[in-house]
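Participant: Each chain is listed here by its residues.
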Amino acid sequence: MLRLDLLNLIYKNGGHIGGCLSALDIIDTLYDGQSFNFDQDHFVLSAGHLAAALYVVLAKIGKIDKKLLDTYSCFGSPLQGHVSHRVPGVEYSSGSLGQGLSFATGLALGDSSHYSVCLTSDGEHQEGQIWEAATFANKYKLKNLINIISANGLQIDGKIEKIMPLGSLSEKYIQFGWNTITIDGHNQDEIKKAIELAKKSNQPTCIFAKTIMGKGISYMENNFQYHDVKSLSQDLYEQAVAELK
Amino acid sequence: MNKPSPNSNKSMRQAFGETLLTLARTNHNIYVVSMDLASSLSIDKFSAEFPDRFIECGITESHAASFAAGLAKTGKTVFLCSFACFSPAINWAQIRQSICENELNVKIVGSHAGLLSGRLGASHQMLEDIALMRTLPKMEVFAPLDANEIETMLPLITASSSPSYIRLVRPDTPTFSQPNFQIGKANILQTGSKITIIGYGPVLFEAFKIENAEIINCSSIKPLDEKTIIESVKKTKNLLIIEDHQKNCGLGEAIASLILNQKIDCQFRHIAIDNQFGQSGDPADLYKFYGLDLCTI
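If you're matching them up, the sequences are chains A and B in order. Note that my numbering has the first sequence beginning at 359, numbered continuously upward. Note that my numbering has the second sequence beginning at 24, numbered continuously upward.
Check each hint, because a few of them may be wrong.
Residues from chain A that face chain B, not an exhaustive set, calculated with beta carbons under 8 Å [stated by the list, open to error]:
no., residue
1, 419
2, 423
3, 428
4, 432
5, 434
6, 435
7, 438
8, 445
9, 450
10, 453
11, 457
12, 462
13, 463
14, 469
15, 487
16, 491
Cβ-Cβ distance ranges computed for the label pairs, FRET-style [said to hold, decoys possible]:
no., chain 1, residue 1, chain 2, residue 2, range
17, A, 390, B, 285, 57 to 65 Å
18, A, 559, B, 202, 48 to 56 Å
19, A, 603, B, 52, 47 to 55 Å
20, B, 283, A, 514, 39 to 47 Å
21, B, 253, A, 436, 53 to 61 Å
22, B, 285, A, 533, 58 to 66 Å
23, A, 436, B, 249, 31 to 39 Å
24, B, 283, A, 370, 56 to 64 Å
25, A, 397, B, 160, 35 to 43 Å
26, B, 52, A, 390, 33 to 41 Å
It is worth saying that the hints were derived from the structure and are not from the lab. Glycine residues also receive a C-beta, built at the ideal position from the N, C-alpha and C atoms.
Bound-form chain A, shown alone:
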């Protein structure tokens, strides 16, 4: 149902559907009311272009009116194209990659009695600032900090491996002194278990969640050209609806 909401939103107004479909199961799990209480805990969507995925989840849990989804990125709508803190339930406006993890370290240090959860993308790890934040989190032993990487292996112009290979992010985080857990980012049981393990850690935790670009719509899966769509033909829309139902 969430995937259909997302498809409808993007079909109407365009947006970053590929990465949203990658991260949707993760965001949905974070907001299931069991793992975190985001009235107190903190969520930072560092990959701000995944705004639509967060908005459909916020609509699902009643933080925002579902009717608002149709206004995504339209003039006058609070639902900005990249995620905005003016939307109820959103703490951090972003869009310029690599900054969110640093912001989350600030929340984690300033509010040590609650969790600070950040969602980044794997491509975003090409930004050097991510590694400054990773170093910092280790120094200050921010055990209440969790960075979930939605790792679909793709970025705007193609494969990460081709554009700027990152090697093993898990191994890098271990080297940076983090607790690291690797999971299937579309398996909600695995996501929940990883969160519970992260909560018990005495170090900051990186959950490396393997995801699929465009997950759930066959012609979008692992196709970097669906990073961002401006419009979708009627035929492709109907095919996607049929696959998601």
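Based on the hints, put chain B in the right spot on chain A.
Facilitator: Chain B in isolation, oriented as in the chain A frame:
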């Protein structure tokens, strides 16, 4: 007022460190984020007295700015301290998004601004900081005249919830401010009728060389005190703006825009660094070379 004596030189950076320390003793929300320049910014005493509120990020200006924003989101008043050539120069994008777009209470303190950084040379003589900060929505911009003004300025800036930029310089400089700083207010240091000279920071000391000049300390660059400026220029019909900064996008252009919008008829001159970098040398030699010593007026 009488022309101040050069004997009154004091360190802005020391005044900043001491004033912040005094404020932090009663305001437990004050946090300092350092980027490996604690002794240079005179915040080492703060570090010793309040180790839990002193966060050392090392040489990571980009991270430090976004971290400071996150910390501010938890209700703290955060001072982000470095040299201006690093912060806001390296981390402008983080200041733009993490701090300004998110409307967070971070005070960016950039020291070693202007040619007064002397022998450190072009890399450290930050001449573009006012331009970078003026353009950002929500950002307030302050450049204290001297050490004494920092003491009156800092409590007001701390009490404000807006993000702001505070420009400091490296050497000890003359003290000639008046203890009446207000956000959005320019102060007339000396009344005169022949020319209005407006500036900020220690370079304004040069204005006392000019006879019968009305000298205005514009330490609140944004918000700008349009009323005081307009009244003075209407009176003298002769305006000179001096700044230890690039001509492009500095105070001079802000005031030029004001003068044009208000259709004020006046002579307009702007003395600043003209589209070039600085170089190593003693401040007096540099001011002379770049025309900031006002000897040509």
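Participant: If you check each hint against the structure, which ones fail?
Facilitator: 1, 2, 3, 4, 5, 6, 7, 8, 21, 24, 25
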